[in-house]
Structures are given as structure tokens and as C-alpha cells.
Amino acid sequence: MGFLFTKTNYTLLIIGLFFIALGLILMIGGGSEDPNQFNYEIFNFRRLTLSPILILIGFIIEVFAIMYKKK
Amino acid sequence: MGIFEAILLGVIQGLTEFLPVSSSGHLEIVKVIFNNSLTKESLLTTVVLHAATALSTIFVFRKDVIILFREVPKNSHFLLKIIISMIPAVLIGFFLESQIEAFFSGQLLLVGVMLIITGILLWFSDRVKNSTNELTFTNSLIIGIAQAIAILPGVSRSGATIATSILLGIDKKSSARFSFLMVIPLIFGVMIKKILAPEFCLEKEMLIPLIIGFISAFFTGIIACKWMIKLVQNSRLKYFAFYCFSVSGIIFISYLF
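So the protein lines, in turn, are chains C and U. Position one of the first sequence corresponds to residue 1 (the numbering used here), numbered consecutively onward. Position one of the second sequence corresponds to residue 1001 (the numbering used here), numbered consecutively onward.
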């Protein structure tokens, strides 16, 4: 019985996971140390736009990695 | 959230997404038992774990998904049936989800009643002998309504949709297949909506547990999904009906004393 996935599938799976991890890393922070002080960093571009997009790209790559089949 | 808790949450998500036991119902029970302290998982955790089980479904049904998208004109009717089945849940999700959550949160007695309904559905679907009907557009809508009702805590999504489908006369294998395929676009839709909403705040310590939870939910989901398909085919859903009846019995007894 052969392997379920080819090398390309595994490579794509790792790339997808890398994108998800990168998105999560970029999402870190934004909280306020002092509850009485508002931290405007919570609404910055990195955390609000870039990071979710990278996570979504990661999930799309994971779907592609599962479905990819060499013709 | 520590590593162990992440693995546990992943396993729970993986099992309850596919087995007909209602994850939201159990969450309400856990909330009441532990006074809400164990279930303070973030929205991001929920999104990541749901995405993992959606990927498990794609993994198990990857051949079907590939065929569906490679031969779209040939499978246009099936794809349209999936879209039709999504309509009731999308409407409820957009217009009533927050009201339902606010109204039913902490209502353990209601969870008990809904678990009995889930149990009855599973019990009767197991007794259906010959189910050979085709999946029609009307049937897809009825199964979709069952899916929308499953937003209520205590009603299992997989249980309600598979049981409804079998009771409509559709064969057991196709019922399980349709139930799991119909939810994939819905989960990804909800995921995109939630992940693009500015509600996330991630602590540094959460990063590794989140990735471990994702991997744990993905692999548990694959096992649970394959297991559920076998259970449906071999008419073993009655055991889950007994389980639902037992849990609701415990809920009712705890209310009496």
C-alpha cells in the first residue's frame, strides 16, 4: 500500500500551516496592560487586516493540499 | 489555555462535530457544572477548531469534492441541492443567531428536551430498513431546515440532518455524505465572517496551544467522521439515542433534587 499523499501534498500542507502560524504571530498583541487605558494598537492594519488574510490564505492552501492530485 | 487543554478541546471538537451528541448542548451542560469557568475559550479558538474539523471533512470526502468541482456541469444539480440546504441556516444565522444564543444560554432544561428530540430522531432513523429514494430539491430544503433547527443547544447537527434524510427515504450512505458535504461551505462562510470581524485579541502564550488544538481537532475529526459513516451504514445510531436519553434523564433528575 502506497502513501496517501505525495511529497507535493505534504509540502503544501506545511506551507499552509506556516501561513496560519504567521497570521497568528502577527495577531499577537494589541491588549492593554492597564485596563483604564485604551490601546489603539488593537485596531492596527497588521492585526486587523494582514493577519486574518494570512490565516485565510493558510486555510485555502490546506484545502488545496488535501485535494491536490498529480495528473 | 495550556497544551493539555488545547489537545482536549481539539479532541472534543473533533468528536462532537461528527458524532450525533450535540456539541452546543454539552457545552451548556459543562458551563453549568463548572460555573462557566472551563468554557471561556476565545472566539479565535472556536474558529480555528471549526476550521480544523472542516478540513477533516474535506480530507475524508476529498474524492467526492474533487469530482464535484472537476465536473461541475455534470454535478450542478447536487451542488444546487447543497446551496438550497444552506439557505435556512444562513437566514437563521444572519437574523436570529444572537437572539437564540441570548435566549437559550444556560437553559439546561431546554437542552434536556432537545436531547430527547435528538434521541427520538436517531432511534427512528435506525429502524428504517429500506431507504432508496433519491435526494430531491425539496428534500434538500427539508434537510436544510433540520440543520437550521440544530442551532438550538441539544439538537445535534449531524444527527438531525442524517436522521431527517434517512426518514425521507434516502439511503444511509448518501445521507451521511450529504450531511457532511452540506456543512463545509457553511463552516468556511462562518469562519471568513468571524475571522474578518475585529474581535480577536491573541496572547503570546496562546500561539502554540492554538496550533496544537488545530492539529488535534483535525486528526480526531478524521477518525470521528469515518466512524460516524460506519455507524450510520450499520444502523448503530440507537446507541447514541440511548446516550441522549440518559444525559437528558440526568438533567431532569438534577432539576428535581
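Any given hint could be a false lead.
As the list claims (entries may be wrong) - Label pairs and their computed distance ranges (CB to CB):
#: 1; chain 1: U; residue 1: N1133; chain 2: C; residue 2: N44; range: 37 to 47 Å
#: 2; chain 1: U; residue 1: T1046; chain 2: C; residue 2: I15; range: 22 to 32 Å
#: 3; chain 1: C; residue 1: L50; chain 2: U; residue 2: R1062; range: 24 to 34 Å
#: 4; chain 1: C; residue 1: I57; chain 2: U; residue 2: T1136; range: 35 to 45 Å
Claimed, not checked - If we take Cβ atoms under 10 Å as the criterion, some of the chain C residues that face chain U in the derived model are:
#: 5; residue: L12
#: 6; residue: I14
#: 7; residue: I15
#: 8; residue: F19
#: 9; residue: I20
#: 10; residue: A21
#: 11; residue: G29
#: 12; residue: L48
#: 13; residue: T49
#: 14; residue: L56
#: 15; residue: V63
#: 16; residue: I66
In case anyone wonders, no lab produced these hints; they're calculated from the structure. Quick caveat, the model's predicted, so the values are computed rather than measured. We treat Cβ as the ideally placed atom computed from N, Cα and C, and that holds for glycine.
Verification of the supplied hints:
| no. | hint | verdict |
| --- | --- | --- |
| 1 | U/N1133 / C/N44: 37 to 47 Å | violated, 55 Å |
| 2 | U/T1046 / C/I15: 22 to 32 Å | holds, 25 Å |
| 3 | C/L50 / U/R1062: 24 to 34 Å | holds, 30 Å |
| 4 | C/I57 / U/T1136: 35 to 45 Å | holds, 38 Å |
| 5 | L12 | violated, 13 Å |
| 6 | I14 | violated, 12 Å |
| 7 | I15 | violated, 14 Å |
| 8 | F19 | violated, 12 Å |
| 9 | I20 | holds, 7 Å |
| 10 | A21 | holds, 6 Å |
| 11 | G29 | holds, 8 Å |
| 12 | L48 | holds, 5 Å |
| 13 | T49 | holds, 9 Å |
| 14 | L56 | holds, 6 Å |
| 15 | V63 | holds, 6 Å |
| 16 | I66 | holds, 5 Å |
Violation of the numbered hints given earlier is confined to hints 1, 5, 6, 7, 8; the remaining hints are satisfied by the structure.
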